[in-house]
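Trainee: My request is simple: use the sequences and hints to build the entire structure.
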Amino acid sequence: MNKNSKAIANTINWQNTLPKKRMGAGAIIFNGKGQLLLVKPTYKDHWSYVGGVVDANESPKEALVREVREEIGLEISNFDFVCVGYYHDSPENTESLQFKFTTSPLTEMQINNIRLDAKELEAYKFVSEDEAKQLLTPKSYETLQKCLTAIHKNK
Numbered sequence: 795m796n797k798n799s800k801a802i803a804n805t806i807n808w809q810n811t812l813p814k815k816r817m818g819a820g821a822i823i824f825n826g827k828g829q830l831l832l833v834k835p836t837y838k839d840h841w842s843y844v845g846g847v848v849d850a851n852e853s854p855k856e857a858l859v860r861e862v863r864e865e866i867g868l869e870i871s872n873f874d875f876v877c878v879g880y881y882h883d884s885p886e887n888t889e890s891l892q893f894k895f896t897t898s899p900l901t902e903m904q905i906n907n908i909r910l911d912a913k914e915l916e917a918y919k920f921v922s923e924d925e926a927k928q929l930l931t932p933k934s935y936e937t938l939q940k941c942l943t944a945i946h947k948n949k
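The opening position of the sequence shown corresponds to residue 795 in my numbering, with each subsequent residue numbered one higher.
These are computed hints drawn from the structure, not numbers from a lab.
Be aware that a few hints might be false.
Stated by the list, open to error - Calculated pairs, DSS-like style, for lysine-lysine (alpha carbon to alpha carbon, straight line, at most 27 Å):
hint	residue 1	residue 2
1	K855	K827
2	K919	K838
3	K814	K827
4	K838	K927
5	K947	K827
Mentor: Next comes the structure, spelled out in structure tokens:
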């Protein structure tokens, strides 16, 4: 083994000892009235953002584009990063980083073309921020508030 190969092997061995965090990506998507798009997963008891797990060798933005296509049937690629939420270990979930992105408000045509993946989602709706507070988990709503603050600062 040459010196460079040994250095690479040592780096990989060291990296394998580091903590692993799960990553997810979610979309903060609005309609023309400023209402937020939420979806009701079939496997959760609460509403959520469109999005999901970031796969191996996939960026958070790539994951989001894929998840939007898979979950609601829309091709949207012009997402802008807004914020990241940190989620501690809990009895229900492992530690994770949740990247949030936004895009231009959906057009009526896009809204009419929403097609849910019935295996994953049972419903969608556009809601006000107050309604979102009732439907999202407290941590997801906290992240939403941070995202909305960032969105409004960047307008």
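Trainee: Each hint: holds or not?
Mentor: Taking the hints in turn, this is what the structure says about them:
1. The straight-line distance between the Cα atoms of K855 and K827 is roughly 25 Å, inside the 27 Å bound, and the hint therefore holds.
2. Restraint check for K919 and K838: satisfied, since their Cα atoms lie roughly 16 Å apart, inside the 27 Å limit.
3. About 40 Å separates the Cα atoms of K814 and K827, which puts this hinted pair outside 27 Å; it is violated.
4. For the hint linking K838 to K927, the alpha-carbon distance of about 16 Å falls within 27 Å, and the restraint holds.
5. Taken as a hint, the K947 and K827 pair is honoured in the structure, with Cα atoms around 19 Å apart against an allowance of 27 Å.
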